[in-house]
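Please put together the full structure from these sequences, using the hints given.
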Amino acid sequence: MPVDAERLREEIRKVYSEVVRDPKRGYHFHTGPEYAVERLGYPAQALAELPDSVTAPFAGVGNPLAMGEPRPGETVVDIGAGSGMDTFLAARSVGPTGRVIAVDMTDAMLERGRESATLSGTPWVEHRKGLAEALPVSDGAADLVISNGVINLALDKDCAFREAFRVLRPGGRLQIADIVVHRDVPAAAREDIAIWTA
Amino acid sequence: MDVQVTWRGRPFTGASGQRKADKFETEGVNIRARKPEGE
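Respectively, the protein sequence lines represent chains A and B.
Here the first sequence stands for residues 1 to 198, numbered as in this note's numbering.
Here the second sequence stands for residues 1 to 39, numbered as in this note's numbering.
No wet-lab data here; the hints were simulated from the structure.
Each hint should be verified, as a subset may be incorrect.
[What the hints assert, rightly or not] So the derived label-pair ranges between C-beta atoms look like this: (1) A/V3 / B/M1: 25 to 31 Å; (2) A/A188 / B/G14: 23 to 29 Å; (3) A/K24 / B/E39: 40 to 46 Å; (4) A/E18 / B/E37: 40 to 46 Å; (5) B/G14 / A/D139: 38 to 44 Å; (6) A/S17 / B/A15: 16 to 22 Å; (7) A/D52 / B/D2: 35 to 41 Å; (8) A/T97 / B/P36: 23 to 29 Å; (9) A/E49 / B/T6: 33 to 39 Å; (10) B/E25 / A/G95: 37 to 43 Å; (11) B/G14 / A/A134: 16 to 22 Å; (12) B/M1 / A/P72: 34 to 40 Å; (13) B/E37 / A/V185: 33 to 39 Å; (14) A/T97 / B/G14: 37 to 43 Å.
Backbone N, C-alpha and C fix where the C-beta goes; we use that ideal spot for every residue, glycine too.
Here it is as structure tokens:
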């Protein structure tokens with residue numbers, strides 16, 4: 001039986017709500033700023049300037065901003081922003097004349113992100129609830145779309161990429177980090193939610 | 001559309017917890033692309 005989309009999303013929400021609550025518990029993925037610096041090449045100084053509430057739950061799989069930082073005044077959309085480490089790094093680059101729209105489907109992540117925006121004094125960061133397959137962003141609004149470890153969790157990946165394309169302005173950039181698999185995933189495994197979330 | 005993979009790595013190596021997905025040889029990638037002008 002194909003995976004039920006809403007059940008999958010609920011399982012994902014559970015996992016990442018727990019990451020916010022207890023980021024050091026130990027998961028099937030690494031978390032936190034030391035991992036980001038040592039494995040993924042994030043700049044240590046920039047992360048040290050962010051609140052622990054932003055960096056500790058970080059659970060990305062690559063480094064979207066290593067491919068180019070946004071410019072002052074630009075609009076960035078962060079798909080599946082999580083606790084917002086990439087969001088707030090982007091916010092520092094675009095500055096108060098720019099805007100970062102952080103989209104996430106998990107209430108705990110949105111709540112943490114809004115608290116962090118207040119704490120870090122970056123009112124140009126806006127958090128919106130939504131899915132990668134239905135971004136709450138108007139057509140052509142973004143100069144840059146980023147994402148880190150999120151597209152692999154979307155059931156309809158073609159739709160997620162179409163949405164990213166839709167919200168980009170002509171000439172806009174897409175910079176994503178994600179995981180790929182190098183072996184065929186059999187149908188039975190595709191239908192196993194434990195594998196999607198593990 | 002021009003799409004480039006700029007980094008590959010093994011972000012999950014050494015993580016604790018259940019790793020059912022390991023057998024599918026997961027790899028982390030950074031990918032960039034640009035939306036063509038006029039689209």
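field: Violations among the numbered hints
entry: As far as the earlier hints go, 9, 11 and 12 are violated by this structure, in ascending order.
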